[in-house]
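S.K.: Quick note, the sequences are listed as chains V and L, same order.
Letter by letter, the first sequence follows residues 0 to 392 of numbering that gives the first Met the number 0.
Letter by letter, the second sequence follows residues 0 to 392 of numbering that gives the first Met the number 0.
Watch out, some of these pointers could steer you wrong.
Note that identical chains are pooled: a pair holds if it fits in a single copy or bridges any two copies.
Straight line, CA to CA, 25 Å or less: simulated BS3-like cross-link-like pairs of lysine-lysine [what the hints assert, rightly or not]: (1) LYS382 <-> LYS322; (2) LYS131 <-> LYS22; (3) LYS146 <-> LYS81; (4) LYS382 <-> LYS323; (5) LYS345 <-> LYS364; (6) LYS249 <-> LYS131; (7) LYS188 <-> LYS131; (8) LYS131 <-> LYS323; (9) LYS110 <-> LYS382.
Since the hints were derived computationally from the structure, they do not count as laboratory data.
Here are the chains, one letter per residue:
Protein chains: 2
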Amino acid sequence: MAIKLHNTLTGSLEAFEPLKSGKVGMFVCGPTVYDFSHLGHAKTYIQFDFLARYLGYMGYEVTYVQNITDIDDKIIERAREKNVEPNMLAEEYERYYLEDMAALNNISVDKYARAHDYIPQIVDQVKRLLAKDMAYRISDGYYFDIKQFEDYGRLSGRLSLEPGDAVSRIDENQEKRNPGDFCLWKFRKEDDPYWSTELGEGRPGWHIEDTAITESELGPQYDIHGGSMDLIFPHHEAEIAQMESASGLKPMVKYWLHTGFLNVKTEKMSKSLGNFITIRAVTEKGVSPLALRYLFLLSHYRTPTNFSFEALEAAENAYNRLKKFVAGLLGTGVVDESYKQKFTEKLENDLNTPQALAVVWGLIKDKDISPEDKLATILDFDKVLGLGLEYKK
Amino acid sequence: MAIKLHNTLTGSLEAFEPLKSGKVGMFVCGPTVYDFSHLGHAKTYIQFDFLARYLGYMGYEVTYVQNITDIDDKIIERAREKNVEPNMLAEEYERYYLEDMAALNNISVDKYARAHDYIPQIVDQVKRLLAKDMAYRISDGYYFDIKQFEDYGRLSGRLSLEPGDAVSRIDENQEKRNPGDFCLWKFRKEDDPYWSTELGEGRPGWHIEDTAITESELGPQYDIHGGSMDLIFPHHEAEIAQMESASGLKPMVKYWLHTGFLNVKTEKMSKSLGNFITIRAVTEKGVSPLALRYLFLLSHYRTPTNFSFEALEAAENAYNRLKKFVAGLLGTGVVDESYKQKFTEKLENDLNTPQALAVVWGLIKDKDISPEDKLATILDFDKVLGLGLEYKK
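The whole structure should be built from the sequences, with the hints applied where relevant.
M.R.: Below you can see the structure in the form of structure tokens.
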């Protein structure tokens, strides 16, 4: 049986066949680093980490890239409120983000790509769009002309923002050719950070960061693009328009995967609605971050999930039962007290480590001790030896 | 049988009885962070990490403190050569030091105390010594008067530097009352870093950092002080003189433990002799840092050890045999292919994680699968689940 994945682009379940046999290029929209990550982020990134692990488990060589949006209106605003430099604020919250991901055991990302490291590639993409007349200049920056891209709307079925959509991050400029046109490069505003480039002093629009990163890291066409469902429009639609226009190659992405929302009382958990719970708020209560992981794996990734502390507690109980079961199996051996006595006697005598190690080898050769008991005894000794003899993936 | 440790203070093997029942306060001289750590450091810190683990293993609650010397002539000189700020240089090499310690599995230190965080405590100690006439002021700083401390020489049996001793870090000032008097507070020199304090602008002497830290973190009297043998004189002698004079309590430390040198062709491996090999130079050749740990545990901590790559290779072979033996024991179970097929089938269908978790619970309840095979199968699934079910200390 082949792997089947639901592709947002076609609306159907499709057999997974990567562009290059045995290899998978995968990109997932990363965070804008201006605040702590919440449980909605935890859900999305656990589910995509799972996908990357799963593809690796099935024998694919996966290259998983995530962007870090470290230039953005929200970062600049928050930095101004806190009276710090935007790049320092971004570095701080990036660190928290990476700590949170590590705690959730999200370890599959091969490259975290910071937007500010891709300014030349961003400028290059905008120049290519200008050369093809897909982009134009107005008073506050360069914009993409969605009417010039015939496939605009293919992913989402929409051409413009609708009530209830995620709010566009770009202030509307009346000079735009079409209401849905989006900014590629924002000209410098007085106190904002900027780069001096061939496009003038300014900073990139949000959508172009991702295509500059994916083109550099995965090429103009790759296998999987993931993100939360609210990014389909306008963000992912804009990515397709930019990249396919600049490269002339379609499709930019073969499989688009989107995760369902995490809801609190039927409302999406989000920064803008103010109903969010940070990952740290939960783990600081003593809940294991891996119980959160268990909770989110209990839902199918596309299914909207209702968060409640009752559900989390139930997941934590199940997770603890599972751990206990495994620990019980690992613990079938018993520490051999006679060897433990020999071992500690050697150490009691002014820490005679060479003789204590000789006891370990004596135990290994002893035919009267069962393998399970040898294992339990050696792992017990390793608490002191620190030789990292325990099971590792 | 009680734990027995060789105490440098008495020159004999003594039964270990901490000051407070069940609790151990332990301090080991940490690094001056101006360069990479070498194998001599690896030996010392592995052997003391082992001691801390061992005491914990025997049921003691250990508080293990190490200082980080981040203010020092060597740091200032090196920073000047490299044209960087001394504190930036120190932070950089502290990071490398902590990375090296983590790689060696030296995880027992509860608190790394940076000298620059203890300036008020240092000033306070010097003021107490001045009030008792144990210290005096000359042109370049405040000094300790060793003639005022009747026990001076008790630990080392010496009163001054001898040929072949570690070189004193303090430039001799002819105004000193006795040749062995050591500096407590150095007055500011033009371009050097300094703190403005009640003692005037300046920076602490080397010895006083440690007693300020230990008094703050462990109290004026504590159980174990460790370090390499070359620190006995003058460093540890000076620590005793300072702390016992300031507090009026004896002994500052109940058990003094010193590790034997790591030699290269009978010469001590040291920065000053230039015959050192960094930890990184060895691990970058592909040698596991834990093979180094094994090598140093093969020697008793007080025995001088000759380093050679032949000995390291032999240790690495033995370590690898040991790991292989343990992995073999852990691997007695076999992944159940029928459950693996069920598990992967669920995931092949657009990543059905809830059903895949149900397969795990089905396996757990299945009476026809042996515990060993259940374990092997679940640990295999956990490569994807990422629930951290493997054995952890």
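S.K.: Hint by hint, work out which the structure violates, then give me just those numbers in ascending order.
M.R.: 2, 3, 7, 8
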